[in-house]
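In this note's numbering, the protein residues as written are 1435 to 1608.
Hints in this document: simulated from the structure, not taken from any laboratory. Just so you know, not all the hints are guaranteed correct.
As a list, the in silico EDC-like pairs of lysine to aspartate or glutamate whose alpha-carbon atoms are at most 16 Å apart [to be verified]:
no.	residue 1	residue 2
1	K1480	D1509
2	K1480	D1494
3	K1480	D1468
4	K1586	E1576
5	K1480	D1446
6	K1586	D1568
Beta-carbon label-pair distances, calculated as ranges [unchecked claim]:
no.	residue 1	residue 2	range
7	R1454	Q1525	18 to 26 Å
8	R1519	R1485	34 to 42 Å
9	D1494	R1516	27 to 35 Å
Just so we're clear, the structure is a prediction, and the values are computed from it rather than from any experiment. All C-beta atoms in this analysis are idealised placements derived from N, C-alpha and C, irrespective of residue type, glycine included.
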Amino acid sequence: MWWGTVRAEEEDPLSPAQVRRVRAVLALGGVPRDDHADGVQQVRLKLIERRAQGTESPRDIGAWAAAVASNYAVDWHRGRNRQERVSERLQTMTAWRQSVPGPEEGVLTLAVAEGIEALPPLQQQVLILRFYVDLTVPQMAEVLSVPLGTVKSRLHAAVQAMRVHISAGTGVRG
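All chains should be built: construct the whole structure from the sequences, respecting the hints.
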């Protein structure tokens, strides 16, 4: 098979009118024009996969293609939102590291900073979101896309580890 071209004996599974309809659905779904070709390609791929599996072709290929394009638009937005959440998390992680005061601010501040640095990344993440970003546990679960219980157990383990670290480093009893 030649990529990017259709051989003469192979027929495009979508008519030009259906391709225009798919592009219109993608545009209405908020997918940027640069990604329309990918959306049309996904619709073609789904149709070819159906044929290869021996599944009966849809009665109205245009309507079916529009539904697949709509699903592609939803998936595109989910992926974008997921990427934005990851970027926000990374910005939060770097922001707290830049805002940690130096040792002149006190022994306790230094002990907290060192304690956070010593934690595993997942525990660092929940501590920062809870105490620096002031998110609630349910908000953290939503932002991190993990179950509520996972956030609670990570937060509990992180607080316990911090308590041990601070009390050992400063002589303060937790």
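Do the hints match the structure? See the list:
Taken as a hint, the K1480 and D1509 pair is honoured in the structure, with Cα atoms around 15 Å apart against an allowance of 16 Å. Distance hint between K1480 and D1494 is fulfilled; the C-alpha atoms sit about 15 Å from each other, no more than 16 Å. Of the pairs offered as hints, the one joining K1480 and D1468 is violated, with about 20 Å between alpha carbons and a cut-off of 16 Å exceeded. Restraint check for K1586 and E1576: satisfied, since their Cα atoms lie roughly 13 Å apart, inside the 16 Å limit.
At roughly 13 Å between alpha-carbon atoms, K1480 and D1446 fall within 16 Å of each other, so this suggested pair holds. A hinted pair counts as satisfied when its Cα atoms are at most 16 Å apart, and K1586 with D1568 qualifies at roughly 15 Å. Hint check: R1454 to Q1525, Cβ distance near 40 Å, so the stated range 18 to 26 Å is violated. At about 37 Å, the CB distance of R1519 to R1485 agrees with the hint of 34 to 42 Å.
Checked against the hint of 27 to 35 Å, the pair D1494 and R1516 passes, with Cβ atoms roughly 32 Å apart.
Of the numbered hints given earlier, the model fails hints 3 and 7; all others are met.
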